[in-house]
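Here the protein sequences line up with chains A and B, keeping their order.
At position 236 of the first sequence (counting the first as 1) the number is 218 in this note's numbering, and the numbers step up by one without a gap.
Add 72 to a position in the second sequence, counting from 1, and you land on the number used in this note's numbering.
Treat the hints as calculated values from the structure; they're not laboratory data.
Built from N, CA and C at the ideal position, the CB exists for glycine as well.
Quick look at which bits of chain B chain A covers, simulated, 3 or more residues with Cβ under 8 Å:
no., segment
1, 167 to 179
2, 206 to 219
Keeping only pairs whose Cα atoms sit at most 27 Å apart, straight-line, the calculated BS3-like set for lysine-lysine is:
no., chain 1, residue 1, chain 2, residue 2
3, B, Lys187, A, Lys122
4, B, Lys133, A, Lys122
5, B, Lys263, A, Lys122
6, B, Lys263, B, Lys325
7, B, Lys133, B, Lys263
DEER-style ranges, computed between Cβ atoms:
no., chain 1, residue 1, chain 2, residue 2, range
8, A, Gly71, B, Gly88, 34 to 44 Å
9, B, Thr146, A, Gly71, 35 to 45 Å
10, B, Gly214, A, Arg54, 30 to 40 Å
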Amino acid sequence: MPIQSMKGMLRVLLLIAAFGLGVWGHASGVIEEFLFYLPDVQFLAVEHLWLTAISGALAIVVAIPLGILLSRPSMARWAESGMQVLNIGTTIPTLAVLALSMSLLGIGVVPAVFGLFVATLLPITRNTYTGLKGVSPALKEAAAGIGMSPAQRLMRVELPNALYVIFAGIRTALAINIGTVPLAFLIGAGGLGELIFTGIDLYDPVMMLAGAIPTAILAILVDALIALIAFIIVPRGVNPARRQA
Amino acid sequence: MIRLENLTKVFDTPKGAVVAADHINMEVPSGEICILLGPSGCGKTTTLKMINRIIRPTSGKVFIDGQDTTSLDTQTLRRNIGYVIQQIGLFPNMTIEENITIVPKLLGWDAKKYKERARELMHMIALEPDAFLKRYPSELSGGQQQRIGVARALAADPPVMLMDEPFGAIDPINRAVIQDEFIKMQKELKKTIMFVSHDIDEAIKMGDRVAIFRDGHLVQYATPDELLAAPKDSFVESFLGEDRALKRLNLIKVHEIISTEVDTVSPQDSMQSALDKLDRNGYQHAIILVNEQRQPMGIIPRSVAKVSKGQCLDYAQHVPTVNVNDDLRKAVSLMLAHDITWLPCVDDDNRLCGHITQRTMTHHLGARYRVHQTSTEPATPSTEE
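The following block holds chain A by itself, in its conformation from the complex:
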């Protein structure tokens, strides 16, 4: 197969490139410079993850029930306007959100967590809402028709069938969250942004990259982690990743 051999070629090229990069890194001393920042990176990455974990967890805990609430038939009159408010919220740049939350709550971790929480809230709510709205009316009618209570319908039919979409929202939200945490440094909350912004200010690309690269790696790792959790939790029958032929 041509595509198969292309893949093999690509892999070899990647290996060569990585090797070349290593040789260049060693020769020019960049690697040693990076290693100089390693303790900082370790400390700040933990701080970074804490900011994400707290704001992300808060967002999930608030956004999913909010999405569920908006999707209830009794809320139909308010749901669209509610979603519009959230959509407008999404268009506000996260930096502006952080600035606003700083003007309300001052400087430090609390306004940063609050700003991140707001930025993360929206995609999860939106996906929970659309996921639940997307559950086929036939399923809901069948669930009602066989005598499930509204709560049973939600827990046993609607949520399991919307779960894949909800997880997609969580993935998007946490990717945004991790990418936004560096900005939190600007309102005094720490995180890998400290290296990035200081690096920019000092015209020190190595210092800047020492913050930027771990941020990117963290984003990828968290994304993979959520994907793994989704793979395990979403029932096999409605999980595109696990569907058998």
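With chain A's structure known, arrange chain B on it following the hints.
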């Protein structure tokens, strides 16, 4: 038994109130299938869904086995009514077993009992339990899914079932198979069933009674035969179609009009004796040749018997036969295909038990119309059962 009393639904729409069902009064006796039939928007589905309150009635009452359901809470009511919908509505997040056992679980059965029940139901719908119970709905064909849908509705053995065009989304060949399976199951289960359909042939095939709806009104409620023989007005007439007399052929079994007096010849008989028997019985065309087990081997036509000598066996001509449990539609089809006006009838062991002719058929069908012309009394449904 399901009884509807002045059941009415008025929908408020931006264009004003729309009466979807207007004072529907009807009763389905226990163990019978009642088909709600009519064009789309006639109120048949609304009427069905008011019984389990998927649609809330504006006024009127529903009685199940004599009990007014108004006093029951919605969940209890629904758990005691099997519900099958056209879109099947199996839960894709659950295995087949979880889908089937969901109502028993809601009713609090213990695990051993509902698992056993799931296997029992799978046997009933002719799907191998070990092969299917652990699979997911998306892995099954449409026909298999709808069988599971029926099994789910039957799981807690409810006395009453509501079916909303249950076989509408299945291809015609599979539909006929599932319909036949369902009729067979119903003969044993004897559920009281309300069944929405827009297909007149399905209604005649499945229904003990048919209710025809138009613009929210119940126009006519009768047995299929009564309906086909005596449509109440021009709407019912046009809905049933120009060929409604032909459709009655589906309703009558061969054994209902068979004449069992039939003379035969055996293989060793001479052609002369065959001719004698033809004359004695006044048979115009031919006489049937049977072996020792009274299984038809062929016929000896009069024209051949007149001019030939020897044993009957040597002159037998092929003849199609019809089973006594087949309907007249098949009998007529065989007659048309073979250009003959009568057919030998056989039982399940292929033994001759009589014959039917086109004349007895038209006479039988015509009797129904003659009764209606002479009296307004509801005729005895002679073709039922």
